[in-house]
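K.L.:
Quick mapping for you: the protein sequence lines, in order, are chains A and B.
Each residue of the first sequence is one higher than the one before, counting from 1 in the numbering used here.
Each residue of the second sequence is one higher than the one before, counting from 1 in the numbering used here.
FYI, nobody ran anything at the bench for these hints, they're computed from the structure.
No residue lacks a Cβ here, since even glycine has one placed at the ideal position from N, Cα and C.
Fair warning: there could be bad hints in the mix.
Listing some non-contacts, in silico: residues in chain B with all C-beta distances to chain A over 10 Å [claimed, not checked]: (1) N24; (2) N30; (3) K35; (4) S48; (5) K49; (6) R50; (7) V51; (8) R54; (9) A55; (10) L57; (11) K59; (12) R61; (13) I91; (14) V97.
So, partial list: chain B residues that the calculated Cβ filter (under 7 Å) puts toward chain A [as the list claims (entries may be wrong)]: (15) I60; (16) N62; (17) E87.
Stretches of chain A that chain B covers, calculated by requiring three or more beta carbons in the stretch to come under 8 Å of a beta carbon on chain B [claimed, not checked]: (18) 177-190; (19) 193-207; (20) 217-231.
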Amino acid sequence: MDPPIINEGSFSAANPSSYTLAEIWPFAAAANGGGNGELGGGGLGLRMSSFTGLLEAAANSINESTLTEQSGRSGGGGGAAGGSGGGNVGVRKRDMNSEDDFSKFVSTSDANDLDGSVAKRLKASQSKEENGASKVEAESSSHTANKGTEQSSKPEPPKDYIHVRARRGQATDSHSLAERARREKISERMKILQDLVPGCNKVIGKALVLDEIINYIQSLQRQVEFLSMKLEAVNSRMNHPIETNPSKDLAPSAFDTTGMIFGTQAPREYAQGTQSEWLHMQVGNSFDRAT
Amino acid sequence: MTTRSSIIRTRFAYRFLRSLRKLNQKEKTNSRRVKYAAYVSMASVVGSKRVWSRAVLSKIRNRSLNPNLVKKKKKKRRSSEESGFGELRKIVPGGQVMNFYNLLDETADYINCLTSQVQVMKNILNLLST
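Make the full structure from the sequences, and use the hints.
P.N.:
If you want it as structure tokens, here you go:
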């Protein structure tokens, strides 16, 4: 589709019907051919100069008999449909001069109804005998029009959430997409937290997991409190030996800091001989930097 | 991850021992001071990147300066507390002003730091008591 046509259509009719009509322009172009032949519309030809080749191809497919039939059947209505299909202002105005029931039609009916009826009319002008076929065609054309409106509304959500795909049966409006993305982020974080807290992997349910996390944090905080109490007692008891230590000898010589940091009896991977030297280095480095 | 936690452990041990020695030189020491020393050294090791460490630091510093102000603030915040995750917000320092996603993030970091803190403190206690 060409954007200028869409713009013209939306300007002229000021309702969504013109947009959807512009979406199904091949039929409209065919109708334009009909309207062109009937009205001899110079303005239309001028306006749709980019489509002249297509219009001629369409006009070749349409016989003279169908044109006369169309004009006889719906009077100026066929021409009006052609004008609306092309999305032209000039033709529309001329048609309104001749008869004004089309303008009423545009103003009162909604988009789908208009599409269906216009497509039916066009089909009637193209193949006048078969009513069933025209109905089927009308349905399909209205279906495509609906798809067009959906596609026009889809690019609305912001680009941050474009990676979120809606599965079958899920809502697709921007609020639901944003909410779904937020929920996914939160559940991801909850998984990380579950890995952190021991014994939390078996718990099912967000509330229970949160309870477990809260309990764990509280127990850790209580442990810190308890340890600080004990440390205070030990520290006051060991008042003298620590005071006698000069401040600069606090680092590896005074205490075995690697033992403090990583535990002496705990069977961990830190206690391996290859890593302990590196850790010693690290401890010394950090102390140098800090002092 | 292991390197980061080991760095945090070493720095925390250093700061905590230094503050313990400072506390030793004072006449009056109680367990609350030791606890504050542990929290402050942990928070200052983590730095101002994390919300919880900033909250811990400001809380303890303000409490030492002006305890009445902190109490008033606490009462105000408690009134505007959510029902579901209010408990977690209360426990994690600085959690009252975060959105939920950041709260979970901060909680993960806080748990990491607390576990390493507890481990280091245990080891220090073992070494000092023996």
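K.L.:
What are the numbers of the hints the structure violates, in ascending order?
P.N.:
1, 2, 3, 13, 15, 16
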